[in-house]
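Protein chains: 2
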Amino acid sequence: MKNFKYELVHEDAKTKARLGKLNIFGKVVETPIFMPVGTLATVKFLSPEDLKKIHAGIVLSNTYHLWLRPGEKIVKQAGGLHKFMNYDGPILTDSGGFQVFSLADTRKINEEGVTFKSHLDGSTLHLTPEKSIQIQMDLHSDIAMSFDECIPYPSDYEYTKRSTERTIRWAKRGLAVHNIDDQALFGIVQGGEYTDLREACAKELAALDFDGYSIGGTSVGEDKPTMYKMIEDAIRYLPQDKPRYLMGVGAINDLLNGIERGVDMFDCVLPTRIARHGTLMTSKGRINIKKAMYADDFTPVDPECDCECCQNYTKAYINHLFRTKEGLGMRLMSIHNLRFLIRLMEEARQAIREDRFKEFKEEILASYPFDERGF
Amino acid sequence: MKNFKYELVHEDAKTKARLGKLNIFGKVVETPIFMPVGTLATVKFLSPEDLKKIHAGIVLSNTYHLWLRPGEKIVKQAGGLHKFMNYDGPILTDSGGFQVFSLADTRKINEEGVTFKSHLDGSTLHLTPEKSIQIQMDLHSDIAMSFDECIPYPSDYEYTKRSTERTIRWAKRGLAVHNIDDQALFGIVQGGEYTDLREACAKELAALDFDGYSIGGTSVGEDKPTMYKMIEDAIRYLPQDKPRYLMGVGAINDLLNGIERGVDMFDCVLPTRIARHGTLMTSKGRINIKKAMYADDFTPVDPECDCECCQNYTKAYINHLFRTKEGLGMRLMSIHNLRFLIRLMEEARQAIREDRFKEFKEEILASYPFDERGF
Numbered sequence: 001m002k003n004f005k006y007e008l009v010h011e012d013a014k015t016k017a018r019l020g021k022l023n024i025f026g027k028v029v030e031t032p033i034f035m036p037v038g039t040l041a042t043v044k045f046l047s048p049e050d051l052k053k054i055h056a057g058i059v060l061s062n063t064y065h066l067w068l069r070p071g072e073k074i075v076k077q078a079g080g081l082h083k084f085m086n087y088d089g090p091i092l093t094d095s096g097g098f099q100v101f102s103l104a105d106t107r108k109i110n111e112e113g114v115t116f117k118s119h120l121d122g123s124t125l126h127l128t129p130e131k132s133i134q135i136q137m138d139l140h141s142d143i144a145m146s147f148d149e150c151i152p153y154p155s156d157y158e159y160t161k162r163s164t165e166r167t168i169r170w171a172k173r174g175l176a177v178h179n180i181d182d183q184a185l186f187g188i189v190q191g192g193e194y195t196d197l198r199e200a201c202a203k204e205l206a207a208l209d210f211d212g213y214s215i216g217g218t219s220v221g222e223d224k225p226t227m228y229k230m231i232e233d234a235i236r237y238l239p240q241d242k243p244r245y246l247m248g249v250g251a252i253n254d255l256l257n258g259i260e261r262g263v264d265m266f267d268c269v270l271p272t273r274i275a276r277h278g279t280l281m282t283s284k285g286r287i288n289i290k291k292a293m294y295a296d297d298f299t300p301v302d303p304e305c306d307c308e309c310c311q312n313y314t315k316a317y318i319n320h321l322f323r324t325k326e327g328l329g330m331r332l333m334s335i336h337n338l339r340f341l342i343r344l345m346e347e348a349r350q351a352i353r354e355d356r357f358k359e360f361k362e363e364i365l366a367s368y369p370f371d372e373r374g375f
Numbered sequence: 001m002k003n004f005k006y007e008l009v010h011e012d013a014k015t016k017a018r019l020g021k022l023n024i025f026g027k028v029v030e031t032p033i034f035m036p037v038g039t040l041a042t043v044k045f046l047s048p049e050d051l052k053k054i055h056a057g058i059v060l061s062n063t064y065h066l067w068l069r070p071g072e073k074i075v076k077q078a079g080g081l082h083k084f085m086n087y088d089g090p091i092l093t094d095s096g097g098f099q100v101f102s103l104a105d106t107r108k109i110n111e112e113g114v115t116f117k118s119h120l121d122g123s124t125l126h127l128t129p130e131k132s133i134q135i136q137m138d139l140h141s142d143i144a145m146s147f148d149e150c151i152p153y154p155s156d157y158e159y160t161k162r163s164t165e166r167t168i169r170w171a172k173r174g175l176a177v178h179n180i181d182d183q184a185l186f187g188i189v190q191g192g193e194y195t196d197l198r199e200a201c202a203k204e205l206a207a208l209d210f211d212g213y214s215i216g217g218t219s220v221g222e223d224k225p226t227m228y229k230m231i232e233d234a235i236r237y238l239p240q241d242k243p244r245y246l247m248g249v250g251a252i253n254d255l256l257n258g259i260e261r262g263v264d265m266f267d268c269v270l271p272t273r274i275a276r277h278g279t280l281m282t283s284k285g286r287i288n289i290k291k292a293m294y295a296d297d298f299t300p301v302d303p304e305c306d307c308e309c310c311q312n313y314t315k316a317y318i319n320h321l322f323r324t325k326e327g328l329g330m331r332l333m334s335i336h337n338l339r340f341l342i343r344l345m346e347e348a349r350q351a352i353r354e355d356r357f358k359e360f361k362e363e364i365l366a367s368y369p370f371d372e373r374g375f
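Protein chains in written order, with the numbering used here: chain H, 1 to 375; chain D, 1 to 375.
Keep in mind that the hints were calculated from the coordinates and are not lab data.
Source: prediction; values computed, not measured.
Treat the hints with care, as some may be off.
The following residues of chain H were derived to be distant from chain D, with all beta-carbon distances above 10 Å [said to hold, decoys possible]:
1) Gly89
2) Leu175
3) Asp296
4) Ser367
Restricting the straight-line Cα-Cα distance to at most 25 Å, the calculated cross-link-like pairs of lysine to any residue (SDA-like) are [to be verified]:
5) H:Lys83 x D:Gly71
6) D:Lys284 x D:Pro154
7) H:Lys291 x D:Lys284
Backbone N, C-alpha and C fix where the C-beta goes; we use that ideal spot for every residue, glycine too.
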């Protein structure tokens with residue numbers, strides 16, 4: 001038996017939000033959880049110690065990127081991702097599917113898999129469900145993903161149906177070759193914007209022996225109501241006793257709306273990416289630290305934040321580090337934005353525990369000035 | 001009375017190497033000491049906590065750079081450099097003299113000071129001995145430097161003599177306007193390669209009320225014997241009870257030869273600069289981490305090193321971080337090279353304590369494969 005188990009601790013009285021405990025091979029995290037992205041076996045500018053300090057429970061790493069550099073064989077020789085990057089917390093890997101469809105050039109897809117050109121050197125690569133699972137087993141993450149096709153939005157019904165059925169067949173092929181006991185494997189629900197396709201996909205995957213379920217194909221350009229419907233259409237048919245992971249979503253409103261609908265896990269590169277461009281999330285809304293008004297502002301980025309950046313430095317110093325392109329600035333800003341979302345999750349869990357998630361969500365959405373990206 | 005005092009703890013039996021304790025306004029460091037350079041109020045990629053972990057005693061920051069960005073008034077408003085950058089260890093600032101002569105364009109020098117163009121935007125700037133001291137008082141470092149002219153090598157005797165005499169007059173003008181009690185002020189011995197000019201300069205400055213003395217104008221292209229002679233020609237006339245600082249020197253052989261001649265303090269950007277290009281100093285000599293042979297080398301950069309990089313990561317991981325241009329790699333490599341030199345200083349102090357500095361130096365010089373830069 002795999003030592004991987006989701007325990008539903010408490011369901012919010014008024015929404016589908018749920019508080020859970022996820023035992024990941026002896027490492028326990030509470031859900032809902034936001035997972036920082038460490039694309040190339042490093043969350044950009046952060047050390048594993050920094051990750052511990054911000055209470056990052058699970059870290060995500062990208063199979064496609066690690067396959068290309070340094071190659072999964074190097075990581076396997078190192079003793080797996082945990083040893084390679086010196087992170088002993090839980091690590092989740094994606095399947096490479098999203099990167100193949102978003103980064104790589106001139107792809108050709110058929111039943112067998114996808115042929116495409118590397119975004120690094122243009123060389124021809126071939127990824128199949130089996131290959132994705134093999135790479136992930138070599139990387140030895142704690143949680144692996146099935147290989148799926150990420151279709152663009154909008155896609156017509158016929159194409160979405162054919163693609164979703166193939167993604168299900170790919171999920172089965174991946175499941176068939178996955179053979180290590182200390183790695184969980186998730187199925188990914190696709191189906192685009194079509195309720196019946198999401199339903200069919202969720203039902204078929206739920207009947208299989210996956211350790212958890214992901215919701216894919218959102219955040220690809222659809223409007224918010226459509227995205228939230230996609231989530232509902234998938235979650236309705238997913239088992240209560242397994243974790244649900246909404247892939248690639250990290251905007252504050254999306255996180256809260258996802259939690260409200262029963263999502264347990266999220267990841268997104270946006271908090272760290274916008275940090276590196278000087279955009280910081282605070283309890284008073286977003287600020288752009290490069291503005292001249294911060295050059296002599298000797299208050300913390302967010303006085304309510306407990307992170308290394310806010311506890312030790314002023315906006316004036318961060319403004320200076322950003323304008324002079326210093327690495328410490330990148331690090332402190334990344335730490336802050338990640339900690340901001342991780343604290344949001346901590347507060348969300350507390351709200352669920354106290355049956356007031358609805359009020360919590362509405363209070364934040366009402367008070368936080370969002371831009372078009374939801375930050 | 002200034003709470004700034006050099007105590008000579010022990011002199012090596014066979015050389016002029018000396019073990020000292022420098023009390024810097026209540027913060028005590030042992031000498032000889034190597035000081036990491038934090039040009040823009042940050043040692044590139046390192047946090048103050050990282051600096052503590054590698055036992056960096058004193059950190060150097062550059063007056064010229066901070067004058068331009070963020071401006072000394074911002075730092076003053078922040079409460080000084082310590083508060084601005086959140087470093088509570090001792091901070092030394094240079095005078096800006098070296099940068100004016102190495103970075104800035106089209107300078108014009110006269111008795112009053114130097115007029116030149118900013119290396120950032122080409123705007124016309126004017127720096128005088130008084131202005132340099134005013135900036136440093138505003139930055140509120142623990143140790144400030146007199147403004148000096150850094151002449152190129154070689155320079156003819158007549159020019160060197162005129163320049164050195166002007167540097168002495170500049171030192172006196174700086175001393176006259178320096179008026180804060182919790183900042184030490186050092187005089188800088190110039191004189192080029194000319195023994196009599198070094199002697200005259202050292203003697204005249206030694207007679208003035210400086211808290212310590214720097215040796216300037218080395219490491220500007222002269223050969224090693226000339227450099228070591230410059231050091232000897234200056235130190236001979238400097239008081240025993242004040243610290244001596246050899247500016248801008250950090251190559252292993254120069255550090256050891258400097259210590260042997262009675263130098264107490266050193267700084268250099270090279271360890272961090274070469275780290276950012278993948279060159280790491282180890283007990284077996286330099287390595288370039290980007291070489292393909294390290295891609296699957298799962299041993300530490302230096303098994304004898306106690307730094308965060310060597311204790312937690314392999315060459316394979318650092319090679320990966322370097323090749324993928326990840327900030328964590330820059331940080332870990334910088335930490336390693338700095339710790340390497342700081343450990344070398346710790347060992348040098350122990351050798352002096354045990355009257356075996358000569359043997360210590362010869363052992364290292366014989367075993368360490370140097371390149372033309374002395375690394």
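Given the hinted pair H:Lys291 and D:Lys284, is their Cα-Cα distance within 25 Å? 47 Å, violated
Beyond 10 Å on every Cβ pair: is that true for H:Leu175 relative to chain D? 30 Å, holds
Holds or violated: are the alpha carbons of H:Lys83 and D:Gly71 at most 25 Å from each other? The given pair, whose Cα atoms are some 44 Å apart, is violated under the 25 Å limit.
Find the nearest Cβ of chain D to the Cβ of H:Gly89 and say whether that gap is larger than 10 Å. 14 Å, holds
Please confirm whether H:Ser367 is truly not at the interface, meaning its C-beta sits more than 10 Å away from all C-beta atoms of chain D. Non-interface label stands for H:Ser367: nearest chain D Cβ at 30 Å, farther than 10 Å.
Beyond 10 Å from every Cβ of chain D: is that where the Cβ of H:Asp296 lies? 6 Å, violated
Hinted pair D:Lys284 and D:Pro154, Cα distance within 25 Å: Roughly 35 Å separates the two Cα atoms, so the pair is violated.
The earlier numbered hints that this structure contradicts are 3, 5, 6, 7.
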